[in-house]
Amino acid sequence: MTPRRAAIVVLCWNRWDLTRRCLETLKAHTDLAEADVIAVDNGSTDETPARLAELLWVRVVTNATNLGYVRGNNAGIAAAPADADVVLLNNDVEIHQDGWLDALRETAHASVDVGIVGCRLVLPDGRLLHAGTFILPDTFWGQQIGALEMDVNQYAATRDVEGIVFACAYVKREVLARIGGLSEKFRSYFEDTDFCLRARDAGFRTVVCGAVTLVHHEHGSTADAPQTFEAVFQESRKTFRGLWGKTLEARYRHELSWQSILNFPTGYAMSCREILRACERVGIRAAYEYVYGPGTPFPVREDENARDYVLNVISARKSGRRPRASVVYGQGDVFHRNRGRHRIGYTMLEVDGFPEEWVRQANGMDEVWVPSRFNRDGFLASGLKKPVHVMPLGVDVDHFHPAIRGVPNPAGDFVFLANFEWGERKRADMILKVFNQTFRRTESVALVCKVINVNAATNVKAQIEALGLSTRGGRIAFLHNREFPYHQLGALYRSADCYVSAGRGEGWDMPLMEAMACGLPSIATDWGAHTEFMHDGISYPLKSRGLVPADARAPYYKGFRWADPDPEHLAHLFRHVFEHRDEAAAKGRRAASEMAAAWTWDHAARRIAARLDAIG
Amino acid sequence: MVSDADELERLRKEAAELRAVSRELSAALARAVATLPLPAALALARGGDAGADAPYPLEPWNETIEMTRSDVAPEMALLWRRLPAREGA
Chain Z
1 MTPRRAAIVV
11 LCWNRWDLTR
21 RCLETLKAHT
31 DLAEADVIAV
41 DNGSTDETPA
51 RLAELLWVRV
61 VTNATNLGYV
71 RGNNAGIAAA
81 PADADVVLLN
91 NDVEIHQDGW
101 LDALRETAHA
111 SVDVGIVGCR
121 LVLPDGRLLH
131 AGTFILPDTF
141 WGQQIGALEM
151 DVNQYAATRD
161 VEGIVFACAY
171 VKREVLARIG
181 GLSEKFRSYF
191 EDTDFCLRAR
201 DAGFRTVVCG
211 AVTLVHHEHG
221 STADAPQTFE
231 AVFQESRKTF
241 RGLWGKTLEA
251 RYRHELSWQS
261 ILNFPTGYAM
271 SCREILRACE
281 RVGIRAAYEY
291 VYGPGTPFPV
301 REDENARDYV
311 LNVISARKSG
321 RRPRASVVYG
331 QGDVFHRNRG
341 RHRIGYTMLE
351 VDGFPEEWVR
361 QANGMDEVWV
371 PSRFNRDGFL
381 ASGLKKPVHV
391 MPLGVDVDHF
401 HPAIRGVPNP
411 AGDFVFLANF
421 EWGERKRADM
431 ILKVFNQTFR
441 RTESVALVCK
451 VINVNAATNV
461 KAQIEALGLS
471 TRGGRIAFLH
481 NREFPYHQLG
491 ALYRSADCYV
501 SAGRGEGWDM
511 PLMEAMACGL
521 PSIATDWGAH
531 TEFMHDGISY
541 PLKSRGLVPA
551 DARAPYYKGF
561 RWADPDPEHL
571 AHLFRHVFEH
581 RDEAAAKGRR
591 AASEMAAAWT
601 WDHAARRIAA
611 RLDAIG
Chain C
1 MVSDADELER
11 LRKEAAELRA
21 VSRELSAALA
31 RAVATLPLPA
41 ALALARGGDA
51 GADAPYPLEP
61 WNETIEMTRS
71 DVAPEMALLW
81 RRLPAREGA
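Each protein sequence line maps, in turn, to chains Z and C.
Residue numbers for the first sequence, in my numbering: 1 to 616.
Residue numbers for the second sequence, in my numbering: 1 to 89.
Since the hints were derived computationally from the structure, they do not count as laboratory data.
All C-beta atoms, glycine included, are put in the ideal place defined by N, C-alpha and C.
Where hints are given, some of them may not hold.
Unchecked claim - The calculated EDC-like cross-link candidates involving lysine to aspartate or glutamate, where the alpha carbons are at most 16 Å apart (straight line), are: (1) C:Lys13 x Z:Asp366; (2) Z:Lys426 x Z:Asp413; (3) Z:Lys386 x Z:Asp413; (4) C:Lys13 x Z:Asp564.
Said to hold, decoys possible - Simulated restraints on C-beta separations: (5) Z:Asp551 x C:Leu18: 29 to 39 Å; (6) Z:Arg127 x C:Ala77: 49 to 59 Å; (7) Z:Pro549 x C:Arg86: 55 to 65 Å; (8) C:Pro84 x Z:Glu421: 36 to 46 Å; (9) C:Arg69 x Z:Arg545: 15 to 25 Å; (10) Z:Ser470 x C:Arg81: 19 to 29 Å; (11) C:Arg86 x Z:Thr296: 28 to 38 Å.
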């Protein structure tokens, strides 16, 4: 079938330097046999009119004065062939990717209900600027997804979004036929989200095609006039609020009080951040409150700044004195701080039972949530009498997927990766010794250990030296106390070939899940909460020799048991994976597919929504 | 009279300032190590207590003052340079 023709509308107002780069890169990377280029000169007073007149491949529409962004673009849309799709392209965008237009067009025509297609935008310095937009009704302040993250090819899939910035917007003719052009209630700003919401009301989806990345010199045309920018922006914001306020408020189906921990480098905090963001996406209006602090087992005050816009908004919300439903997400000895009318305690643990105090407090809840059947069984065996629901956690497949750009070993060594906090539970000693003994220094294989140690009394270096590792054995490299921005962590996994998690017990094992989502084969102990999502079709389960007393510093483990991972089997699996790379890679690919299909944070949040529906 | 709350607040502020200074020093050290020639970076990373007699010399070790936030790509590039060479390669 002949692809539908597209008219690319480039709005220009002075700044010929930007327009020249835009058009040059557009011509270099676009098949112009299937596209028209329309430059709308919005009353430029510099050399733009004269220069545009020299470009015979560009059709020029001239406005006598600057009509603003909206009316300027509408002039371009009106000039486009009546049967063509339209691409709105800012003149401060550069194109460095062949096939960009084809990819946008294919995405737009992959389904009849796709109406608008955007793309990833990056800044000239390589940081991601945009992978879609959303506006929270708390503030009516537009947010660009992924903004200012270092670009590691996150958000590479095609995803549904609320809106996109129209620096590059592929709009199907069907949408224009139904809703017309940009709303002239706006001069600039918010017209793009307004257009996407009007399209949604008309039955069209807005998506971001993650396979296309363009460079955007943001605010190129107004960068020199901040007062103008501010005035126009605030006027449009007010207009937008009046038009869409009720619609945005109506996105919430549930209210939920969420008492937890957010701004510390702990597993609960990291997962709490993801849960709250996902709740927002699936229509749960959560209000966050710190559950620890003075009078609790963790008597430290929490920084109020989450350094994340959405989380700060959720933290600023008030849930009232007795919210209808409240979740305490944390250790079971803070369940008693739950303030809800329907009280839910949500927790996990790495051993085969739960401490008496946790069970006592859990029995004071209306219901208990745990992420795994492993923990459900442990809770029930420890005396839990209240209803318990398995509510698995998830993984962020926008930041953890197989197309994330890693930094592969330049020597081509096969790389095993372990990522853990130093301590008895993770069996670092066993992993290092077994790896060092299994391989020889002559072999093209290495182990990278990303080790975190927060205990000043523990000398990790001395403990490693005490292991007596052989210089002739397998080579090991350490990343000690290196904390990476979470959005870049996928690049660490994608720098390796196989992930190793040979610990004694897990409450969930988020790093394992992240590695699997990145498409890595994995070796993981076949005991613990992670068996909820890990199995031998997508991983290499490591045998346990049985259960042993959970001797560690954590007081919560006292009297319980955990696994005794088998070092001989670990040696076998190390060697097997190294020698069967194709088989391992296939498992890794299946793991990534399974994580994306069933284990995302949105899946987790939708389960919460379903549970709230049932609670009523 | 200075109340406990005032004193606590003063200490909290002081601790926050010290942590900030410590983080700045860690970040500066990490930046410096990243720009050093490999032998100098390794010498700095080893410190004075991991001599040639250690059973496993920990060439790939990279000590830090406290947890340091850094970008993955330069960190991994440095890590691959620090990985002991394969024997016979």
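Each hint, compared with the structure:
no.	hint	in the structure
1	C:Lys13 x Z:Asp366	violated (40 Å)
2	Z:Lys426 x Z:Asp413	violated (25 Å)
3	Z:Lys386 x Z:Asp413	violated (52 Å)
4	C:Lys13 x Z:Asp564	violated (45 Å)
5	Z:Asp551 x C:Leu18: 29 to 39 Å	holds (35 Å)
6	Z:Arg127 x C:Ala77: 49 to 59 Å	violated (18 Å)
7	Z:Pro549 x C:Arg86: 55 to 65 Å	violated (41 Å)
8	C:Pro84 x Z:Glu421: 36 to 46 Å	violated (25 Å)
9	C:Arg69 x Z:Arg545: 15 to 25 Å	violated (39 Å)
10	Z:Ser470 x C:Arg81: 19 to 29 Å	holds (22 Å)
11	C:Arg86 x Z:Thr296: 28 to 38 Å	violated (51 Å)
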